[in-house]
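Take a look at the letters that make up each chain.
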Amino acid sequence: MGTSVQVTPLCGVYNENPLSYLVSIDGFNFLVDCGWNDHFDPSFLQPLARVASTIDAVLLAHPDTLHLGALPYAMKQLGLSAPVYSTEPVYRLGLLTMYDQYLSRKQVSDFDLFTLDDIDSAFQNVTRLTYSQNYHLFGKGEGIVIAPHVAGHLLGGTVWKITKDGEDVIYAVDFNHRKERLLNGTVLESFVRPAVLITDAYNALNNQPSRRQRDQEFLDVILKTLRGDGNVLLPVDTAGRVLELMLILEQYWTQHHLNYPIFFLTYVASSTIDYVKSFLEWMSDSIAKSFEHTRDNAFLLKHVTLLISKSELEKVPDGPKIVLASMASLEAGFSHDIFVEWATDAKNLVLFSERGQFATLARMLQADPPPKAVKVTMSKRVPLVGEELAAYEEEQERIKKEEALKASLSKEDEMKASRGSDNKLGDPMVIDTTTPPASSDVAVPHVGGHRDILIDGFVPPSTSVAPMFPFYENSSEWDDFGEVINPEDYVIKDEDMDQATMQVGDDLNGKLDEGAASLIFDTTPSKVISNELTVQVKCMLVYMDFEGRSDGRSIKSILSHVAPLKLVLVHGSAEATEHLKQHCLKHVCPHVYAPQIGETIDVTSDLCAYKVQLSEKLMSNVLFKKLGDYEVAWVDAEVGKTESGSLSLLPLSTPPPSHDTVFVGDIKMADFKQFLASKGIQVEFSGGALRCGEYVTLRKVGDASQKGGGAIIQQIVMEGPLCDEYYKIREYLYSQYYLL
Amino acid sequence: MASTGPPQSLKRPDSSLTREGDQLIITPLGAGNEVGRSCVYMSYKGKTILFDCGIHPAYSGMAALPYFDEIDPSTIDVLLVTHFHLDHAASLPYFLEKTTFKGRVFMTHATKAIYKLLLSDYVKVSKVSVEDMLYDEQDILRSMDKIEVIDFHQTLEVNGIRFWCYTAGHVLGAAMFMVDIAGVRVLYTGDYSREEDRHLRAAEIPQFSPDICIIESTYGVQLHQPRHVREKRFTDVIHSTISQGGRVLIPAFALGRAQELLLILDEYWSNHPELHNIPIYYASPLAKRCMAVYQTYINSMNERIRNQFANSNPFDFKHISPLKSIENFNDVGPSVVMASPSGLQSGLSRQLFDMWCSDKKNACVIPGYVVEGTLAKTIINEPKEVTLMNGLTAPLNMQVHYISFSAHADFAQTSTFLKELMPPNIILVHGEANEMGRLKQKLITQFADRNTKIISPKNCQSVEMYFNSEKMAKTIGRLAEKTPGVGETVSGLLVKKGFTYQIMAPDDLHVFSQLSTANVTQRITIPYTGAFGVIKHRLKQIYESVESLPDEESEVPAFRVHERVTVKHESEKHISLHWTSDPISDMVSDSIVALVLNISREIPKVVVESEAIKTEEENGKKAEKVIHALLVSLFGDVKLGENGNLVISVDGNVAHLDKQSGNVESENEGLKERVRVAFQRIQNAVKPIPLSVS
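If you're matching them up, the sequences are chains A and B in order.
Using the UniProt record's numbering, the final residue of the first sequence is 740, and nothing's skipped along the way.
Using the UniProt record's numbering, the final residue of the second sequence is 694, and nothing's skipped along the way.
Hints are computed from structural coordinates only; laboratory data are not their basis.
Beta carbons are placed, not taken as given, at the ideal position from N, Cα and C, and that holds for glycine.
Certain hints may be false.
Claimed, not checked - The list that follows gives simulated cross-link-like pairs (lysine-lysine, BS3-like), each with its CA atoms no further than 27 angstroms apart:
1) A:K625 <-> B:K102
2) B:K471 <-> A:K611
3) A:K728 <-> B:K573
Claimed, not checked - A few chain B residues that face chain A, going by a derived Cβ cut-off under 8 angstroms, partial list only:
4) A113
5) D151
6) E470
7) S491
8) L493
Same shape as in the complex, but just chain A (with noise of 0.2 angstroms):
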């Protein structure tokens, strides 16, 4: 019997939800993806929590926060530990984006879901693997087989595909087939029958126009801004999508002598860039190929400025530039401040190269019509002065004094109920009692930092509205000394501080860059302030399809091309999951799958398989007939046990039976009518039939594309008078079969 294979899927199905789902086979648990998105709501990781821990091994597809961001929370909070497994940039380009969403994050809020140790130590157990590696799990996983091959989308992109018995298990979400600039098409399309195929419907109601005409669009949009003195923001994902577009605007500059500036913004551009480099291999062809015959790197970028703080891109005098900045959500990150600022004024534009994920700022804006203002949320992180720092001193004096009351009294489960019922304090309160917590010397007055308005937190700023949209909850609390800090974080950073500068050639090799350094040995006490205001969007918004994801037409053809034996369909909203199921039911396989979230369904193939030995006197009377990758050839045997117990064949001892005539091969009427031409024979299409010389007609009946999926046994009628032609005909049809 086959290998029991069942899916369930976490979080993502029926909408564009992060991507998470539980594939098990004979009882090894993989989790497939571990996303999150920019909103980090813990609520999306419910159903992961439950089961986290009994997960084996985790597989990451891409290096962005749809598809790994929630690997730091559910290693710290759910308890999940099993190895991780992904590709040298994914591992890479996902702690980047981390770093990332981290920093920006922490920069307007008290972002406490996890910190960059936890992102340190998520990545750690990170084992790396090369395209078509076929990595041999061990232990309870023994006979189970992954490797990841190209997707194409993102640098790294995987395709994971999971083998046991020779049966494959395809996850392929967010590929892409087509070659672009930056990285190759995708090779799922090399893989065929797979036993399960599990893949997103994000795309199926999508057509995209061809990649010229787009990527002239793209750019004609841009130059015309700048031409008309405006500045270009284009919100973009850490180290995804943005290295296509920074080529296409490096390869445009280059060949036209532009010199407006561009310029990269996020916490980690430099290190991106420069790990970037050293990618070479999981590029395109023509990038390789490039380095290989002139040795140019594709990512020394002439043209593109890296920056890694805002006030990098304040010194840049004024005039028209283009800005890619991090994150392309708009929810937080430089894209967001910028917006804020560039909104305004009808010069500029806002170029969304993906859809926004739900719900956010982005996704509002790419509404049609745009809206005509948006609320949006300023939040900055101000160093606390006076009463304020006092009070945070004396939280920490008393933390102190708690903390070396409970480490007196303290066994570890004692430590453990704390940790368990202190909600309000919640788990980062696990602080190895060893360090000692951030001393109150250490806090001396910050000035002149990163931020330099200082804004008064007791008095709402004029401009400040009602809270609308997007809300945000200031879980901030106020007693007599002011806003009550949660004073572990500040005890973390300082564990930071130290963690850091180990690391420092260890995991970051010491690339982080200056800003988020800045904020890492910032160990001042700060905290965040926000405002609301409204922003007049008077700016030009235009979106544009930069995602590289294969369209819907295509994912169709591929589907179908893959023709598995049964396919499971996640990510994509409803109407587009829905429409992609009945299209595929029609048209792949009878067995497609939708599963709702918490839903296991089983896609353990029906298929029954057993392995017999194949005896070497069987197997010098066959004789093999070659039909492309295949030899074929009938086999009429009688079953034996070799001395181990096994079956094997054995050749017959009696007469054997007749068996119908199999004839294999597929016929293209086209061909056939090109090769029925070349042997000087008329032929030509009359009505959906080949006529074939004066009489005879040749018709192909029962449609290929029915259920079942691929070549079904196709049916050839030939009909004609008696008559030479009709036998000669013949004869050329069979020729084009092999007749077993």
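Guided by the hints, dock chain B onto chain A, whose structure is given.
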């Protein structure tokens, strides 16, 4: 299992295929009992692989090539190049462009990038006459388009040959290739080192043990000193020489080890400020060009260098300046010069050597393996005098130090590597005959208890082995709904792809493979004006089964012959035949057509009833006669024995055939089998076609 035969030509792919598919042949075309021109040929089950394609650095022109004449290049499926060194890759442009080779070539990314630079340089530098040139710059460029890249651990499959590579640690991008053909694994190490150094990782130990390990034996039974000792000796020699006002010449190959030495020197200079006024020159524009490659493929290097890389580029040397040529060299005081070639054959290193060799203050440090037949090898033995390039002799007064930094495995590494892998067969290549012989002896004693074969073939000497690979097939789909017991029959399509076999029902073919099956329905119309009943009547005399069909939908009279062909009376003037193609049906239809044509041509004859009703007995007798006649024609001497058995004697062997059961008894197995098969086939032919096909 293994034997070394006399050198034999391998140009017979077909004969070897038919002779024995299980024979695995390995032939070194170069690097057999020598160092240089690595090239190992391997063939198994009709698949052919060539490992490496180098030249011999001590020879020039055609003489430097491996023995390509021994093979037919057009039969080679895959060529795998382990690293960029000349003795492993330099005959590649020749092989790709000047021979009939049409297979695929693979190497790692870094190797490919450096390969081009290195060979272009080689072509420029080697000052041989035009006719001696093996290839030119254009050939190299063309070869680049044919070379495909493979990443470490990436598994590729070409023509049923699966292969992947491991880090070899020898130079940047160096790989060990594991090849898997039908379950037989062969590991070719190329040059490898199990020691991690300043920038490279140590060679990996493969996860799977190979059946055959083709391993380098450069250092034979020698042992390397620990790395830090060698480094200290190296820096000490240099330091003392320059502090005495001497000059240091380091002849080194431009790429590979040179980078390691430069890293050592640069670090030493940084730690010794007193040396800062002594210049270090590195005379290799080539190395400078390759720096971009070194900076890009940091992922192939070790953690140490990658961490350094994070802060600054470790290959951006602070104390080392490039030197273009001897003209630009201002030889005024102590200095350290690293120059190529490593063998002091010609070029800058030789020019400097000639200038400096007679002064005893100077020193020459030979940092790597030196090939037999080069000047560097000669001076290691410290002769009294040497011959200069201009033909004059000069006294050799300079000190010569041999401190090996070459990243080849020493005996300790080789033996632990093999102990871990435990390959049942070891083939030694890439080593001087003496070293190799010593290594072989030592390994034989070490693996004495394990029945390990250790072979060191000479060039063109084939090693032949036999592997009995068990062929396993997987029965799937409808055919496998029930696992059959012993004695039951299994009939279906055997589908082979690469080296995997599947057995399936014809209906499942399209499910489990990309192949599909088809049905061809034929309809032929024949002019016929006679009565329809006549045809039926006549057919009844030939065929057992002629059944009238209920003519519901067609509303014309019709009947079915032999349960296969439907004959319809379409109109007064036509009848039509319908059937599904299949040799038997085609034959039935042909006979009907012939019959119909006959009827329309002739007036119906008087039917001879008696002929039609033949008794079973007569039939049987006739069949027996036919069987006898056919057996005689096959075996010659066939006599009637007792109990109606036939006695067949061929060349003194006798077989008894029971005509009823088809059982054969004979002393001779071969004859027995032949008679049995022949009888079966005759019976099939003689017997009437069974009505129903099941």
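How the hints compare with the structure:
1. A:K625 <-> B:K102: This hinted pair holds, its Cα atoms lying about 24 angstroms apart.
2. B:K471 <-> A:K611: holds, 10 angstroms
3. A:K728 <-> B:K573: holds, 24 angstroms
4. A113: holds, 5 angstroms
5. D151: Since chain A brings a Cβ to about 4 angstroms from D151 of chain B, closer than 8 angstroms, the hint holds.
6. E470: Holds, because the Cβ-Cβ distance from E470 of chain B to chain A comes to roughly 6 angstroms (cut-off 8 angstroms).
7. S491: Result: holds, 4 angstroms to nearest chain A Cβ.
8. L493: holds, 6 angstroms
The earlier numbered hints are all upheld by this structure, with none contradicted.
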